[in-house]
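**Q** These protein sequence lines are chains Z and G, in that order. Using my numbering, the first residue of the first sequence is number 1, and each one after it goes up by one. Using my numbering, the first residue of the second sequence is number 1001, and each one after it goes up by one.
In case anyone wonders, no lab produced these hints; they're calculated from the structure. Among these hints, one or two may not hold up.
To be verified - Partner residues aside, some chain G positions facing chain Z, computed with beta carbon under 8 angstroms: (1) L1024; (2) G1025; (3) K1026; (4) L1028; (5) K1035; (6) F1071; (7) M1080; (8) L1084; (9) L1112; (10) G1113.
Ideal placement from N, C-alpha and C gives every residue a C-beta, glycine not left out.
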Amino acid sequence: MGKTLKTKKAESKKSAKAARKSAENGKPAKIKESVPKEVRQEKPPEAIAEKLAKQQREISVSEFFAKNRHLLGFDNPTRALLTSVKEAVDNALDACEEAGILPEVKVHIKELSESRYYVTVEDNGPGVVKEQVPRVFGKLLYGSKFHRLKMNRGQQGIGISAVCLYSQLTTGKSFKVTSKTEGAKKAYFFEIMIDTGRNEPIVSKQDSIEWDKKSGVKVEFEVEGRYLKGEKGVDEYLRIVSLANPHVAVHYITPAKEKFHYTRLLKEMPVVPKEIKPHPYGVELGNLGKIIKESPARNIKGVLMHEFSRVSEKVASEVLATAGVDSRIKPGKIEFINIEKIFNAFHKVKIMAPPTNCITPIGEEKLVKAMENFAKGEYITAKTRQPAVYRGNPFIIEAAVNYMIPDYPQDEQIKVYRLANRVPLLYQPGACAITKAIQDVDWRGYGVSQSKDQIPYGPMAVIVHIASVWVPFTSEAKEAIAHYSEIIKEIKLALQECGRQLSIFINKKRRLMYQQQRRSIFQRYIPEVARALSVLAKTKKEPIEKKLFSMSKSVTEFEEKQEKEQQTQIEQKKVEKAEKEGENE
Amino acid sequence: MSKKTKVKNSQKNRLSAEQKLAHLGKMLTAQIEKKNNPFFEVAIRALSNVTFNKEKSLIELGSEKQKRYFFNVGMAKKFMQTLLVGEACLMLQKEKKTTSLRDLYYIIKHTLGDSDENTVDEQEESDECIEDLEVGLDELRENLNLFASNRGSMVGEITIEDAGDTIDLRRLGTGGWSIPSIVESSLIKFKKVSAKYILMVEKDAIWRRLNEDKYWRQHKCILMHGQGMAPRGVRRLLYRLANELRLPVYILTDNDPWGFYIYSVIKQGSINLAYESMRMAVTHARFLGLSSHDPGKFKLSSNVMIKLNQQDISRAKQILQYPWFQKKKWQEELRVMLKNNVKLELEALSSKGISFIGEDYIPKKIRDKEWLE
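Next comes chain Z alone, as it looks inside the complex:
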């Protein structure tokens, strides 16, 4: 399942362009051959159809992605290097956490030439059993994550094998994996390549070696890429990883041989998220068919009850009654028309929202602590929302605001850190629901400068984290979150709660500054006033000056009292006026 994609002419056409382009980059000849040639000659329709029929055949996923590497985030050299590291790190962290091990990840990027890098990523996770290694790393769409609904960094099982493929396509080198499981005496070493035609791994070398480590996985690969400092580079990515994962330790050696050590801030493991079954509201028609047909249940009613969350016997009966489908139909023999009827019936029946204990947010306290460690602003606040649901998928939004960070520019847009299941998103901010939500919030109301519908300005950073069993990305490159209104609304609410807290702080600060300012005005004038008065009243200057200075310290309170009185007077007048107007009516 999912090993191949059947594509028709239309899709081949789409990919043809990309294929031609990448063919110029020196791709293996094998792929070139598989590109269907476009036929434009004027010929009788039958002849064309026959000719096309000859060309129409199954193409492998590996081939498809080889031609559409931009979909996976390998569209330019800088991004390709980042994506390679990112996929390896995501995998490592997921593996560690699932095994309940506090992750410690080593990343080393060596520069071979300006456009070529040797990347090593090592973790202390549980390791991968020997038999699985080739397929986990050398077969696309193979993995444990796609088929279940669980909050993970990776989702599709494409990530690391795509890196393997990319490495192979750009350098022709094999992908090296060292794996050791707990209790094993020796580690296994593999050199893997992918047979792009069949989407199957080819093991070019296999060995059993000594590895001075309890357990873990180390991957090594060579890629074409470019190393850049700055907001979209590996350095920034790992920095934000440590911000979003305070329980992770990261050791990183850059191509420039700089060493970064992001130490573990919290020794507490995040609660391991629970796996849930899909909720009827979120399932798609095609997927529904697949679930039904593959279910071991004896009849359709059993399928609904066992394969979906929140479907009790009562709900299942109601759905089938609404759909007008016999509850005794065997799952293997169900007709498409009935699947469609069930699909439509799902949305007519009231079904309880999915369970939400399957998502674990970072948490307000931990976010604040991580933010503090990341950049020490004057005020940090965080908000974790209650779980919400979009299309049957539960999700949680968290946001943190870090205000008045030293060294951050005053007149530039604030820094926005987007996180999805603890993974930093560095590209495509414009297409992301998080950006949209930040723009939608009226920050001016909280004392932060902002042009209408823009990212606000100032020395401030905002983190938004979406945690979900299924994060809706706009593409497989997983860089932007789709604009679901439920998600945007939740993000806005989280930001607004942070904003309200922030505005309390900002107002307090402004008041203090104002008091300071006026105190200093008085103190500047006091020597003048004291001298003039001493001349006029023919007394000594010092006692007057001393008195005035001591008064200036308490005077701000005094003034505030006056202001309050004035305020109440104004308000009283307003009330009186309103009352009068009321009488007139």
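Starting from the known structure of chain Z, arrange chain G on it as the hints suggest.
**A** Chain G only, in chain Z's frame:
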């Protein structure tokens, strides 16, 4: 004004300027001693706090006062500046010297501590403090030994004594006698007077024309100008001449709202110096011209008229509302001006001949009693 302050004021009147300044100092130090936010009261000098006394035909200052606190961000600087002016005035009193407003500004101007702020930045700031002190202490600027720069000139059928020097105002050539800002009887005394009236013109240029033609000799009068809006010295002198010598006063200004207002200030005082109206307003001053009806009466060509600009129009409309412009004839003057949408300068009369103003216009107006009051 409460009874209490009235008593206080009458007591104050018996005190010298020096004593009043010392009194202010003692009052403020006493407040500070009690840990009260120190303040003094200043009458508000704005349209909202002046009234027009119809009987006396005077603009009078109302009783609305503002407390000026030191510990108030909006008032602190003014408070400090006013005290600095007071300090400087006390010094002048002690040393028995007088000084110009400009001088005083420099006396009190300096940088504050190690900041980059000055005690005063513009002379207007210290000038305003002086006016505050005048109303606050109920003491005139002249008595605080302060004077403004000379402005305005005078010639004519009179001999005066200025600080002991006798001056015959008939023998002053083309320049005339420059009117000082302090013209109190202790300094300026009127000696031999053969003038029958006083002619006050708005502008220096017209004054020169009339002086060159020796209008004052022919018509036995005193000829003055105040260079636009008459300064306090000119107004006070005019008041003394008019009242002590019982001479009629004729005023000649441009035909525009600003000219009308120059006359009005001479006649009934100004808003800003309402507290001095009674000793400066020449209530029987007559407005000779230019009237909005003059172009018709004297057959002036329309070439010499100038279109009103936006400021002229809004000022005219403002003046229409003032209580002391409510007389029918004045309302008509302003309405005609607005209706025709033109103004007229005194120099426009020269289109009828260079000496038309002195030979025909003024004598005819006075003879025919064609003036406004």
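**Q** Tell me the numbers of any earlier hints that the structure contravenes, in ascending order.
**A** none
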